[in-house]
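Peer 1: Work the whole structure out from these sequences, hints included.
Respectively, the protein sequence lines represent chains A and B. According to my numbering, the first sequence is numbered sequentially starting from 5. According to my numbering, the second sequence is numbered sequentially starting from 48.
It is worth saying that the hints were derived from the structure and are not from the lab. Careful, some of the hints might be misleading.
[Said to hold, decoys possible] To give an idea of the chain A side of the interface with chain B (calculated C-beta under 10 Å), a few residues:
| no. | residue |
| --- | --- |
| 1 | 10 |
| 2 | 11 |
| 3 | 12 |
| 4 | 49 |
| 5 | 51 |
| 6 | 56 |
| 7 | 99 |
| 8 | 101 |
| 9 | 107 |
| 10 | 108 |
| 11 | 117 |
| 12 | 119 |
| 13 | 120 |
We treat Cβ as the ideally placed atom computed from N, Cα and C, and that holds for glycine.
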Amino acid sequence: AQKVTQAQTEISVVEKEDVTLDCVYETRDTTYYLFWYKQPPSGELVFLIRRNSFDEQNEISGRYSWNFQKSTSSFNSTITASQVVDSAVYFCALSEAGTGGFKTIFGAGTRLFVKA
Amino acid sequence: GAVVSQHPSRVICKSGTSVKIECRSLDFQATTMFWYRQFPKQSLMLMATSNEGSKATYEQGVEKDKFLINHASLTLSTLTVTSAHPEDSSFYICSAIQASGGDYNEQFFGPGTRLTVL
Numbered sequence: 005a006q007k008v009t010q011a012q013t014e015i016s017v018v019e020k021e022d023v024t025l026d027c028v029y030e031t032r033d034t035t036y037y038l039f040w041y042k043q044p045p046s047g048e049l050v051f052l053i054r055r056n057s058f059d060e061q062n063e064i065s066g067r068y069s070w071n072f073q074k075s076t077s078s079f080n081s082t083i084t085a086s087q088v089v090d091s092a093v094y095f096c097a098l099s100e101a102g103t104g105g106f107k108t109i110f111g112a113g114t115r116l117f118v119k120a
Numbered sequence: 048g049a050v051v052s053q054h055p056s057r058v059i060c061k062s063g064t065s066v067k068i069e070c071r072s073l074d075f076q077a078t079t080m081f082w083y084r085q086f087p088k089q090s091l092m093l094m095a096t097s098n099e100g101s102k103a104t105y106e107q108g109v110e111k112d113k114f115l116i117n118h119a120s121l122t123l124s125t126l127t128v129t130s131a132h133p134e135d136s137s138f139y140i141c142s143a144i145q146a147s148g149g150d151y152n153e154q155f156f157g158p159g160t161r162l163t164v165l
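Peer 2: This is the structure we're talking about:
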């Protein structure tokens with residue numbers, strides 16, 4: 005069964021600090037996809053990244069970077085030089101290819117507060 | 048990316064009434080759509096998988112007679128909350144799968160519908 009664990013419920017940082025959001029997943033599939041989404045107060049999900057299970061290469065996009073390690077089943081997200089606009093709930097998610105329709109399971113989310 | 052819309056964006060209704068929420072894929076055909084429910088300060092919980100032309104598949108614990116799903120066309124799925132009660136108040140989000148013919152089918156999320164039952 006799929007499972008996504010985001011152990012950090014809330015994180016509070018001061019602007020310009022770096023912050024890492026943890027994500028640990030469980031799956032029995034060999035082919036799966038991992039995601040990060042941002043949910044600002046408006047509620048609409050903002051897609052940040054997708055990674056497939058065969059690509060462990062880390063990725064950087066702007067101030068976001070992602071570290072995927074299959075050995076520890078982790079897919080962490082780091083925001084460098086955080087800004088107030090980064091304040092939101094961040095969800096890590098997992099989709100197994102075997103489900104056909106790519107059913108996606110979300111972690112509990114980490115609420116990030118960035119203070120000016 | 049592709050666009051998924053939801054209507055209405057916000058609805059307030061009286062207890063006991065039924066509410067219909069529409070999910071549309073605007074520029075692609077979606078054979079599969081998903082419905083999620085999100086209570087305040089909680090995660091998105093998958094309610095059901097909606098396949099065009101067939102019955103929806105509900106997750107464990109979701110009442111199929113309470114949450115009626117109809118996926119009558121490749122661009123529209125509807126969720127009807129029947130005899131809504133205050134505990135049904137939640138943020139309902141749909142997503143649609145755009146088939147690519149490749150290994151991965153992209154999933155696009157709608158903006159959500161906030162339901163408040165008085």
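Peer 1: None of the hints should be skipped; say for each whether it holds.
Peer 2: To see whether the hints hold, each was checked on the structure:
1. 10: holds, 9 Å
2. 11: Because about 13 Å separates residue 11 of chain A from the closest Cβ in chain B, which is outside the 10 Å limit, the hint is violated.
3. 12: Nearest chain B Cβ about 13 Å off; hint violated.
4. 49: holds, 5 Å
5. 51: Because about 8 Å separates residue 51 of chain A from the closest Cβ in chain B, which is inside the 10 Å limit, the hint holds.
6. 56: Hint on residue 56 of chain A: holds, closest Cβ of chain B at ~7 Å, below 10 Å.
7. 99: holds, 7 Å
8. 101: Holds. Min distance 7 Å.
9. 107: holds, 6 Å
10. 108: Given a least distance of 6 Å, the restraint on residue 108 of chain A holds.
11. 117: violated, 13 Å
12. 119: violated, 19 Å
13. 120: violated, 23 Å
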